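In order, the protein sequence lines correspond to chains U and R. Counting from 223, one number per residue, gives the positions in the first sequence under our numbering. Counting from 24, one number per residue, gives the positions in the second sequence under our numbering.
Source of the hints: derived by calculation from the structure; they are not laboratory data. Remember, predicted model here, so these are calculated numbers, not experimental data. Honestly, I wouldn't trust all of these hints.
Claimed, not checked - Taking lysine-lysine and the BS3-like style, the derived pairs with C-alpha atoms no more than 25 Å apart in a straight line are:
#, chain 1, residue 1, chain 2, residue 2
1, R, K61, U, K357
2, R, K72, R, K28
3, U, K357, R, K72
4, R, K28, U, K508
5, U, K617, U, K581
6, U, K271, U, K339
7, U, K339, U, K352
8, R, K49, R, K61
9, R, K49, U, K508
10, R, K28, R, K79
11, U, K353, U, K338
12, U, K271, U, K294
13, U, K352, U, K340
14, U, K357, R, K79
15, U, K581, U, K616
16, R, K61, R, K72
17, R, K28, U, K357
18, U, K617, U, K594
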Amino acid sequence: MTRIFTVTELNERIMDRLENDPRLQDLWARGEISNFVYHRSGHRYFTLKDRDSQLPCVLFRTQGVRLDFEMKDGQNLLVFGDISVYKPQGRVQLLVRGVKLDFGLGFRHLEFEAVKKKLASEGLFDAERKKALPKYPERIGIVTSPDGAALRDVLRIIGYYPAQIILSPALVQGEGADASIALAVRALRGRTDIVIVCRGGGSAEDLWCFNSEIVARAIVECDSPVISAVGHETDVTIADFAADVRAATPTAAAELAVPNMDELRALIDLTQTRMVRALWSGLERKREHLEYLERCFSSRRMYSLVTESRQRLDYLEESLARAEMERLKLLRSRLQMAGAGLAAVGPAATLSRGYAIAKSTRGLILRAEDAKAGDVLELILAEGRLICQVLDIKKQK
Amino acid sequence: MSEDKIGLEEALDDLERIVAELEEGKLSLEESLSLFEKGMRLVGLCNAKLEFAEQKIESLTGDLPSDL
Numbered sequence: 223m224t225r226i227f228t229v230t231e232l233n234e235r236i237m238d239r240l241e242n243d244p245r246l247q248d249l250w251a252r253g254e255i256s257n258f259v260y261h262r263s264g265h266r267y268f269t270l271k272d273r274d275s276q277l278p279c280v281l282f283r284t285q286g287v288r289l290d291f292e293m294k295d296g297q298n299l300l301v302f303g304d305i306s307v308y309k310p311q312g313r314v315q316l317l318v319r320g321v322k323l324d325f326g327l328g329f330r331h332l333e334f335e336a337v338k339k340k341l342a343s344e345g346l347f348d349a350e351r352k353k354a355l356p357k358y359p360e361r362i363g364i365v366t367s368p369d370g371a372a373l374r375d376v377l378r379i380i381g382y383y384p385a386q387i388i389l390s391p392a393l394v395q396g397e398g399a400d401a402s403i404a405l406a407v408r409a410l411r412g413r414t415d416i417v418i419v420c421r422g423g424g425s426a427e428d429l430w431c432f433n434s435e436i437v438a439r440a441i442v443e444c445d446s447p448v449i450s451a452v453g454h455e456t457d458v459t460i461a462d463f464a465a466d467v468r469a470a471t472p473t474a475a476a477e478l479a480v481p482n483m484d485e486l487r488a489l490i491d492l493t494q495t496r497m498v499r500a501l502w503s504g505l506e507r508k509r510e511h512l513e514y515l516e517r518c519f520s521s522r523r524m525y526s527l528v529t530e531s532r533q534r535l536d537y538l539e540e541s542l543a544r545a546e547m548e549r550l551k552l553l554r555s556r557l558q559m560a561g562a563g564l565a566a567v568g569p570a571a572t573l574s575r576g577y578a579i580a581k582s583t584r585g586l587i588l589r590a591e592d593a594k595a596g597d598v599l600e601l602i603l604a605e606g607r608l609i610c611q612v613l614d615i616k617k618q619k
Numbered sequence: 024m025s026e027d028k029i030g031l032e033e034a035l036d037d038l039e040r041i042v043a044e045l046e047e048g049k050l051s052l053e054e055s056l057s058l059f060e061k062g063m064r065l066v067g068l069c070n071a072k073l074e075f076a077e078q079k080i081e082s083l084t085g086d087l088p089s090d091l
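Using the sequences provided together with the hints, build the complete structure.
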């Protein structure tokens, strides 16, 4: 049986088939909005898509009046409705009757999480891999679009800070942007002390290239520290995890990269002041020491030293004299005592009993031979003395 | 490295060391003075670097937008 359809007939048959299939009615679908058009008529047209496929959708004005949020590209949605066929174009579409924002994981989000997990498991985001930013970089690399506002923001902040700025231009959105960024980062190898990878604000779609694995790897492999600044404060990309420091905006990135010029000048001024002060206080200390030494040698001090010595001498002299007197007194009393003792054993008592002591010029005469005939002797009596001459000597037999 | 070739970072680091040493106050007068002179030269150097700086930009691809 061969039947030739008109286009209308064929579309009607498809329509009949699809619109009467309960599996394609009253259904929920999940996806991301793109090509969103809010038509003058009040109808909303958009495409619902995931990584590999897309489907046209219509939300008619009457169904859309209860919508409690603004629909726009990039949102993840849960939609409720029926499959239908738009006969004039033979187009299969979803007639949407209900819309909810999907706060669950959109496919983009899943992809993001997958890349993040993979790179994290390789240790690429580890804190110990992060390089410290140089305090005073002399060569600053910037990876961004030469035409973007981000570059101008960065240059404005760097201002007249004395450094060589090296722009490594890159596409920062659209097809091939990820490869372009990775290449631009690698091109800076060996040329910089710090690298800023940046881009101004944009849709999640625009920023997507910064979530690519090759960009992350290029950043991790960069030989100088990398600051990433993609989009606004709330936009966090894989590049941010890979970078050594994440800045909220390109402006913030530049502020992190270079010291503030006013603060730097103030620091140098302060250093100078401290140096002068330290030198002066050093001199002051030496001067004080000198003055101290000077005081030690002053004439008054010397005079008082002399007086002091003289007094000491006088005192010593006095003590010495006193000690000498004491010694003499002691000796004298010992002499008296010895005299009394001697008297007791002396010759006076014997002489008074009639004995005499004979002496010559050579000493006492105890034996006859102590004298010679003709010697003059002295005889000591109890009272008085006799001077005699020896006539003869008779030795005892 | 001769003094006028050193970078800002090195100059500032040197200055920091010099100040610390002077403030410690253990040096002889001659040493203090010569260190002080060196410090003042570095201060002059840093100031010169900051004063005469102008933005130096180059592009790896050679072209720069005319408004930069």
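The hints, checked one at a time:
1. R:K61 <-> U:K357: Roughly 22 Å between the alpha carbons, so the hint for K61 of chain R and K357 of chain U holds.
2. R:K72 <-> R:K28: Holds - the C-alpha atoms of K28 of chain R and K72 of chain R are around 11 Å apart, at most 25 Å.
3. U:K357 <-> R:K72: holds (16 Å)
4. R:K28 <-> U:K508: Distance of about 36 Å is beyond 25 Å: violated.
5. U:K617 <-> U:K581: holds (17 Å)
6. U:K271 <-> U:K339: Holds, because 24 Å separates the two Cα atoms, which is no more than 25 Å.
7. U:K339 <-> U:K352: holds (18 Å)
8. R:K49 <-> R:K61: holds (17 Å)
9. R:K49 <-> U:K508: holds (11 Å)
10. R:K28 <-> R:K79: The hint holds at about 18 Å.
11. U:K353 <-> U:K338: holds (20 Å)
12. U:K271 <-> U:K294: Distance ~13 Å between K271 of chain U and K294 of chain U Cα, so the pair holds.
13. U:K352 <-> U:K340: holds (18 Å)
14. U:K357 <-> R:K79: holds (19 Å)
15. U:K581 <-> U:K616: Roughly 17 Å separates the two Cα atoms, so the pair holds.
16. R:K61 <-> R:K72: Given pair K61 of chain R, K72 of chain R holds - Cα atoms ~17 Å apart, limit 25 Å.
17. R:K28 <-> U:K357: holds (18 Å)
18. U:K617 <-> U:K594: holds (11 Å)
Hint 4 alone, counting from the list given before, is not met by this structure.
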